[in-house]
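In order, the protein sequence lines correspond to chains A and B. Sequential numbering of the first sequence, starting at 0, is according to numbering that gives the first Met the number 0. Sequential numbering of the second sequence, starting at 0, is according to numbering that gives the first Met the number 0.
Calculated from the structure, these hints are not laboratory results. Don't take each hint at face value.
In silico BS3-like links for lysine-lysine, alpha-carbon gap of 25 Å or less [stated by the list, open to error]:
| no. | chain 1 | residue 1 | chain 2 | residue 2 |
| --- | --- | --- | --- | --- |
| 1 | A | K286 | B | K212 |
| 2 | A | K286 | A | K2 |
| 3 | A | K286 | B | K268 |
| 4 | B | K264 | A | K285 |
| 5 | A | K2 | B | K212 |
| 6 | B | K100 | A | K111 |
| 7 | A | K2 | B | K213 |
| 8 | B | K7 | A | K111 |
| 9 | A | K286 | B | K78 |
| 10 | A | K2 | B | K210 |
| 11 | A | K252 | B | K212 |
| 12 | B | K113 | A | K111 |
| 13 | A | K2 | B | K7 |
| 14 | A | K2 | A | K111 |
| 15 | B | K91 | A | K285 |
| 16 | A | K286 | B | K113 |
| 17 | B | K7 | B | K268 |
| 18 | A | K285 | B | K78 |
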Amino acid sequence: MWKLFQIELYKIFRRPRTYIAFAAITALIVIVQLGLKSDGKEYSEFIMADLKNSIEVEGNIVNGYFVCYVILQLLLIHVPLLIALIAGDMISGEANAGTLRLLLTKPVSRTKFMLAKFSASAVYTVLLLIWIAILALFASILIFGTDDMFIMKTQYAVQIENSDVFWRYCGAFCFAALAMITVAALGFFLSQFAENSIGPIVATMSIIIVFTILSTMSLPIFSKIRPFLFTTHMVTWKEFFDIKVNDANEAIKGTVQHPERLIRSALVLVAHIVIFISVSVALFRKKDILS
Amino acid sequence: MHTQPIIKVSGLSKQFNHLTAVNNLSFTVQPGDVYGFLGQNGAGKSTTIRMLLTLITPTAGNIELFGMNLNSHRHEILKQVGAVIEKPDIYKYLSAYDNLKLFAKLSDVPLSRKLLLDQLHMVGLEDRAHDKVKAFSQGMKQRLGIAIALVHNPQLIILDEPTNGLDPQGIADIRNLILHLSREMNKTVVVSSHLLSEIEQVATRVLIIDKGKKLVEGSSAELFDPSQTIVALDTLNNHAALEAIQQSAWSGALQEHRDAHIILKLHRKQIPDLHKWLAQNDIAVISLQPRHSLEDYFLQVTSGKQYVEAFSN
Chain A
0 MWKLFQIELY
10 KIFRRPRTYI
20 AFAAITALIV
30 IVQLGLKSDG
40 KEYSEFIMAD
50 LKNSIEVEGN
60 IVNGYFVCYV
70 ILQLLLIHVP
80 LLIALIAGDM
90 ISGEANAGTL
100 RLLLTKPVSR
110 TKFMLAKFSA
120 SAVYTVLLLI
130 WIAILALFAS
140 ILIFGTDDMF
150 IMKTQYAVQI
160 ENSDVFWRYC
170 GAFCFAALAM
180 ITVAALGFFL
190 SQFAENSIGP
200 IVATMSIIIV
210 FTILSTMSLP
220 IFSKIRPFLF
230 TTHMVTWKEF
240 FDIKVNDANE
250 AIKGTVQHPE
260 RLIRSALVLV
270 AHIVIFISVS
280 VALFRKKDIL
290 S
Chain B
0 MHTQPIIKVS
10 GLSKQFNHLT
20 AVNNLSFTVQ
30 PGDVYGFLGQ
40 NGAGKSTTIR
50 MLLTLITPTA
60 GNIELFGMNL
70 NSHRHEILKQ
80 VGAVIEKPDI
90 YKYLSAYDNL
100 KLFAKLSDVP
110 LSRKLLLDQL
120 HMVGLEDRAH
130 DKVKAFSQGM
140 KQRLGIAIAL
150 VHNPQLIILD
160 EPTNGLDPQG
170 IADIRNLILH
180 LSREMNKTVV
190 VSSHLLSEIE
200 QVATRVLIID
210 KGKKLVEGSS
220 AELFDPSQTI
230 VALDTLNNHA
240 ALEAIQQSAW
250 SGALQEHRDA
260 HIILKLHRKQ
270 IPDLHKWLAQ
280 NDIAVISLQP
290 RHSLEDYFLQ
300 VTSGKQYVEA
310 FSN
């Protein structure tokens, strides 16, 4: 299994396609950072316009933490496409290239083969998120500095102390990794039904778009299925930035408002991963390789 | 002395929805055989080969390799098998050396750099070892595919249509390689090809299948008995020639007669005598073609009377 995993990782990182995602993310983040660097003051005035008369905020609002939050909100909607590019290609790409039949004539177990392939795509996903973290968080801190983090929610604003932010990002990135691994598992599951990569990649994105619409539309008809859609839980990373307050409406350092939501969403995402991968392995074990 | 067959297939069948691709097929391959696996397109050759390699699950039947059941001993069996299935599709973004190293690792063979390069030398790719496969010709890819199939020193080598897309030199190279593997390295080789003349030159035993069923299995010597040579005769006046043959000692050899050709079956050694007799009887011969080859035999058994009709038309 370890040997297969190493081989799969080797193949992923020897393919030029792999680096498209890293390049695209770098370009996007740098563009956002440049934009905020040049027009950050106007942007902070714009987002604070409604609150100007009710509260007074001192310090640097457009700081590294804030910029990272903006980037994550923008980026995590599009990252699934980059994940699907690799995960959707894991089996179908090999079938299309004809290498699948060659691989499976070697003395390797199909179950281990599938688990190694999925593990490699999960590692790719995690590395992609680490890269986002490096650029979006660490580079933004270097460029914009740090200060208290100020976030506008739908009905209220949250201010988090400078020293209370970093661990939240660690949690948010871990949660985002889990959400993106779920996308990878979906792409991987669909990958075995096709003999070219386009089908699984488009199908993965289509499912995410449809499910996201169902997750966000507040129509009663969708309310029963919403909790079971993985897309509903993909944005739960934002819960890390909703801080608990005491009776005096003061923020309690080191807390999150709804930790149960984080746990529930994480469990739903893990359940999706387990289901997608179990079904993929079960089907692949019996699959006739005709490519 | 009884030797255990390398491959023993019994009652093998594969059904794809309503299509029976392989139908109750049984055959054995002995150690050292170069086993020619023949059939027209869609006859079930590739499906059978894929079942031997566990790529396709049989609907019914049993496969034993090296005396072990393929289902229960897949891992042990595949360690001793090398295969090239149709065109050799290899990772195009890797070099020949990297591809070979990757598949050696998959086959549990920790090969040194020198041994990997030796393997590439064997198939004539040592000078291109570090070039990306995307720049390779079809023939070079095929040779690399064979190097990958042989990298773990398997006892059994299965080549499905190994000459597909190759130029005459490439075909000759593959033929020589098969003979080398069999004669010099004592490997057992199963080879299927639609280029039947190639099989005829290398196979020690032949299996012909059609519509998934076994038509005939035997040694090349048994199947291509020179006493059963088919001869197609074309003359300026086939009607008169036919009458003359019917009234002569050659009448017993007569098989079919149509306007275009007269078909006779006789011993190969009798062909010069027939030629002489035709000349003596002033029969103006346009062509006298012995058709004793695997290809004709193959067409005879797979297509029934198509062979005769082809001459007639």
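Results of checking the hints against the structure:
1. K286/A / K212/B: holds (24 Å)
2. K286/A / K2/A: holds (23 Å)
3. K286/A / K268/B: Measuring from Cα to Cα gives roughly 54 Å; hence the hint is violated.
4. K264/B / K285/A: violated (50 Å)
5. K2/A / K212/B: violated (41 Å)
6. K100/B / K111/A: Holds. K100/B to K111/A sits at ~20 Å (cutoff 25 Å).
7. K2/A / K213/B: Since the Cα atoms of K2/A and K213/B sit roughly 41 Å apart, the hinted pair is violated (cutoff 25 Å).
8. K7/B / K111/A: Roughly 28 Å between the alpha carbons, so the hint for K7/B and K111/A is violated.
9. K286/A / K78/B: Roughly 21 Å separates the two Cα atoms, so the pair holds.
10. K2/A / K210/B: violated (41 Å)
11. K252/A / K212/B: violated (77 Å)
12. K113/B / K111/A: With a Cα-Cα distance of about 30 Å, the restraint between K113/B and K111/A is violated, given a limit of 25 Å.
13. K2/A / K7/B: violated (32 Å)
14. K2/A / K111/A: With a Cα-Cα distance of about 10 Å, the restraint between K2/A and K111/A holds, given a limit of 25 Å.
15. K91/B / K285/A: violated (28 Å)
16. K286/A / K113/B: It is violated: about 38 Å lies between the C-alpha atoms, which goes past 25 Å.
17. K7/B / K268/B: violated (37 Å)
18. K285/A / K78/B: holds (21 Å)
The structure is inconsistent with the numbered hints 3, 4, 5, 7, 8, 10, 11, 12, 13, 15, 16, 17, although it conforms to all the rest.
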